Amino acid sequence: MALTLMKGSEAIAEAAIRVGCRYFFGYPITPQTEIPEYMSARMPQIGGTFLQAESEIGAINMVYGAAGTGARVLTSSSSPGVSLKQEGISYIAASEVPCVIMNVMRGGPGLGSIQAGQADYSQSTKGGGHGDYKLVVYAPSSVQESIDLMTIAFDVAEKYRTPVLIAADGMICQMMEPVELPEMIEHKIDYKKMPWAITGEHESDTHKRAIINSLYITVEELDELNERLQANYRKIEENEVRYEAYNLENAEIVVTAFGTVARICKSAIDDLKEEGINIGLLRPITLWPFPYEAVHKAATQPGVKAVLDVELNAGQMLEDVKIAVNGDQKIEFLGRYGSHMPTAEEIYDKLLQMRREF
Amino acid sequence: MAVVFEKTKMLTDAPYHYCPGCNHGIAHRLVAESIEDLGLTNNVVGVAPVGCSVFAYNYFNCDMYEAPHGRAPAVATGLKRVLPESLIFTYQGDGDLASIGTNEVVHAAHRGENISVIFINNAIYGMTGGQMAPTTLVGQKTTTSPYGRDEATCGAPIKVCEMLAQIPGTYYAERVAMNTNANIMKAKKAITKAFKYQMEGRGFTIVELLSTCPTNWGLSPVESLKWLEENMIPYYPLGVYKDKGAE
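From first to last, the protein sequence lines stand for chains A and B. By this note's numbering, the letter at position 186 of the first sequence is numbered 186, and the numbering carries on one by one without gaps. By this note's numbering, the letter at position 7 of the second sequence is numbered 7, and the numbering carries on one by one without gaps.
Keep in mind the hints are simulated off the structure, nothing from the lab. Computed from a prediction, not measured in an experiment: that's the story for all the values here. Glycine included, every Cβ here is placed at the ideal spot set by N, Cα and C. It is possible that some hints are incorrect.
[Said to hold, decoys possible] Examples of chain A residues toward chain B, derived with CB under 7 angstroms: (1) G58; (2) N61; (3) M62; (4) Y64; (5) G65; (6) A66; (7) G200; (8) R209; (9) I211; (10) N213; (11) L215.
[Unchecked claim] Cross-link-like lysine-lysine pairs, in silico, DSS-like; alpha carbons within 30 angstroms at most: (12) A/K208 to B/K9; (13) A/K126 to A/K235; (14) A/K208 to B/K7; (15) B/K9 to A/K193.
[Unchecked claim] Not close to chain B: a few residues of chain A, all C-beta gaps over 12 angstroms, as computed: (16) A2; (17) Q144; (18) V241; (19) P342.
Work the whole structure out from these sequences, hints included.
Here it is, written out as structure tokens:
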């Protein structure tokens, strides 16, 4: 199949449509506005729904309402908007409703900036809203990977009845790359697999009425919900961890990084390799479930003398890297705040400096 | 023996948790009977609010949602976009709809969203124990307005039907009361009309039901009905605020 040159945001929107998403609810916010813009033009052409909500709060609750029918539903936003969605996300997680949420991360805190950021790592992975819940969080590092993860995101959301977050940094949406899109499918709701879905049909001998709810007023009932959710999260941890291992063989230092930053790290690693210096990269693709075992294994393999964690934030994933490494390796951190993208040269210099200090 | 009365099948057999004299039970029945009267038992989804009627999903015998506080019209919007042929209604109290959920209801009306909102106005927060609502009357004492609602600092109570009637997307807005049998019959007619309009694809409809809260008003059920008549109806006049179908 021929490659098409596409802007990240438009490729992501088209990918969602191709994998059966026919309902999009969103609100304009930079740097993801091209996603709702694209959807507003594309959805009417294929009999889908685009709705510009009155707010991010409205949008996420429309997602909640639409996704309870078993339909494939998407919303997208950027950091401040995703903060507004957190109430709804907590309800969706508690109600076990599958859907996909895009966060095209920008610099924060507060209104921050409109360029790329990675400072929503903690919000994404540690439960941005109230209560004990988790989201499956994917962090693409290219436009093609964003497209590929869209299929996986909807499948995983439905398999585990959970909201899934795609945390792309602003760079992914704003750049153009040659991509291959998936084939167009019509998503049919399989009510045998989704007996919980809302249909409007009256209860009968063969059909139980559906209640989409997150209220469990007694201790016993709430325990039951939480135990069910936690058991589901353990299954996700067991089956859905994804990461990329790059140049780990004979590595002296292992770099940990995600998203666009991981790509910049690769450039530095490639440059060093030309000089005969082996640096490895362990890139989490799922920020949750985090690849703890893979990071530990890479960090402690023979010959590795240190780990360098590189992020576009003050060290949010660093906490998970430390948990993974568990004191078994020296860890250094190179961080830049939102919108201040580190250059390959800076990472290159940092790695050489670390090497001199061995 | 001839059957002279049967409970509508749109209500479950779950016993209501509502306080003695509260109007929610009657309001539920009116909604449920209207659904059955219109032959929509097999094509309806309700959205419950946060507030006293948070458990409405236990009582309405149909597919039900429990929405975050104030967000019912947004949840209903999402549902309606996927199930455009189904009757989609929200059931919301005055804290839920007229305070934390004003944005959602105003914009649902502006979009002319083809949903029906059943709005219970009892001028107080019931579930949390009697706090001041956006609809609490001036001078009315609540646990957060112990000296009576002060218009100078809290403003005047929100008149929801009057406000939403101004919106082009609102097709039908009527305020009814639950204080007398005659008014209750009118309430049912209004609810049925709203649902009928929705099934005809007319747009946004709202029925506001002035209701009692004996527990938090500190009155007996009978005194409450009198209080509603003497205090609420003068400020919240009953009647049709908009009916594009009758124009």
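Numbered hints the structure breaks, given as an ascending list: Structure breaks no hint.
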